[in-house]
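A.B. asks: This is what each chain is made of:
2 protein chains.
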Amino acid sequence: MTAAVLVNGSPAPVVSIHDRGLAFGDGVFRTLLVRAGRPLNWPCQYRRLVHDCLALALPPPGEHPLLAEIAAVAPGDATVKVMVTRGAGPRGYAIASGQPATRIVAAHPLPDYPEALAREGIRARWCELVLGEQPRLAGVKSLNRLENVFARSEWNDPQIREGLLCDAAATPDLSRCGVAGAQRERILDLARAAGVSCEVRDIGVEELARADEVFLTNSLMGVWPVKQLGDRAWTQFPVAGRFQERIAHDDT
Amino acid sequence: MTAAVLVNGSPAPVVSIHDRGLAFGDGVFRTLLVRAGRPLNWPCQYRRLVHDCLALALPPPGEHPLLAEIAAVAPGDATVKVMVTRGAGPRGYAIASGQPATRIVAAHPLPDYPEALAREGIRARWCELVLGEQPRLAGVKSLNRLENVFARSEWNDPQIREGLLCDAAATPDLSRCGVAGAQRERILDLARAAGVSCEVRDIGVEELARADEVFLTNSLMGVWPVKQLGDRAWTQFPVAGRFQERIAHDDT
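As they're listed, the protein sequences go chains A and B.
1 is the number of the first residue of the first sequence in my numbering; add one for each residue after it.
1 is the number of the first residue of the second sequence in my numbering; add one for each residue after it.
Heads up, some of the hints might be wrong.
One copy or two, either will do: identical chains are not told apart, so a pair holds if it fits within one copy or between any two.
Stated by the list, open to error - With a cut-off of at most 20 angstroms between alpha-carbon atoms, the simulated SDA-like pairs for lysine to any residue come out as follows:
1. 81 to 16
2. 81 to 92
3. 81 to 94
4. 81 to 40
5. 81 to 95
6. 81 to 93
If you are wondering where the hints come from, they were derived from the structure by calculation, not from laboratory data.
All chains should be modelled from the sequences, with the hints used to inform the complete structure.
C.D. replies: So, in structure tokens, the structure goes:
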């Protein structure tokens, strides 16, 4: 039988209560879509994981041992969450030298998103929570995610699939807050390779409402066009459709 | 033998890797100084714990069962850390209804602070990290503490005992960021009861340098006068001394 979880290579699905990932959110994570034991969009995912580990001065896991652990917990199709924390240490914020990191690789079921969402678009909402600005954490998928928890608790309507977060000014360019997703990075790469002009910048609520098309992206949803956001509705998603095709091609 | 850790009443010193305290820092904590099984400054500590749980919509632990667990892990003198998290749940930010919280009560050794620090004062420094502003978390001792980890890694000099954190403007009044400590609350209560006029407000670097006296406080240090901060030195600590006496009296 294959373990669905490996913690530093061991199948016990627990961490010490002294782990700094728990004590301080002192760690990072990625969420991977795995097909037949192979994580999709792996080069971006691994690059982001290394980047985020370095942002916290954590030793990044080696690529090939990590791929082996992913295949071990998810030999078929699954969602796999990878966490790297600063490991168990003494009480207090100071980092003890030579403390080994904790590496967690855990398989979860695939999400059961209806196929229609990618075709017909989703409903989204503007969240009321205003993101704080912390350039040291901007773009990093750290384990400090209470803002996202608060934002996701703003609504219960299952028809609303996603919430958009803004800082005080706009949906931000990731220099002050937010998370740089691996799927987002892949789409930017694909767009630039195809000669599509891309700008990464703050976008205010009014400007977004004037857009010809809006789509959201992460590793599990792929590309979801937005059909409704606030008062604005969209019905045509040609750009989203093209990226969906490119990603599907890339993943096979 | 007495367990040094209780996790939901059980002595195994671990949590599930699916615990949201680990995944998102979705929880709160307090650090208690315990003498002969009795946590000092308990009314303030418990009040803050309940406040912080409610800020995250977590069910606060009952006071008397929690006191019993504290005495069980620390029948003598110890530091005890209490954590309350939203417990193990499915992947994703949404909160599953009816998910039981995780309650962690863990004994640690007493800190080995030299007695001279309280008498002669400590060296402190201004941290370079600028606190982000998040009113939803301001004052709450949540498990999202990467800013503190970053700030504490700015220096290694063991002569410097503490770092002062500012937001973009000043060392803040806790409406935008920061943590409302239980010892701080006790000192404010003692001061007001003694007719000492207190203001809680932003204080900039220049104003602090002009102060007649500065002291820091938390549950473990008690009250530490500051003898050096940046270029400024202090040698007399009459106000800190008075609060040290009041606290010592209160704790016996």
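A.B. asks: So, for every hint listed, does it hold in this structure?
C.D. replies: Consistency of the hints with the structure:
Both within a single protomer and between protomers do residue 81 and residue 16 lie at most 20 angstroms apart by alpha-carbon distance, with minima of 18 angstroms and 14 angstroms respectively. For the identical chains of this complex, residue 81 and residue 92 are inter-copy neighbours only, at 11 angstroms across copies versus 27 angstroms inside a copy, given an alpha-carbon limit of 20 angstroms. In this homomeric assembly, residue 81 and residue 94 come within 20 angstroms of each other (Cα to Cα) only across copies, at 16 angstroms, whereas the closest approach inside a single copy is 27 angstroms. Within a single copy, residue 81 and residue 40 get their C-alpha atoms as close as 13 angstroms, which meets the 20 angstroms cut-off; across copies the closest is 41 angstroms, which misses it.
When the C-alpha separation of residue 81 and residue 95 is checked against a cutoff of 20 angstroms, the pair qualifies only between copies, where the shortest distance is 18 angstroms, while the shortest distance within a copy is 25 angstroms. Proximity of residue 81 to residue 93 under the C-alpha cut-off of 20 angstroms is restricted to the inter-copy arrangement: shortest distance 13 angstroms between copies versus 26 angstroms within a copy.
In terms of the numbered hints stated before, the structure departs from none.
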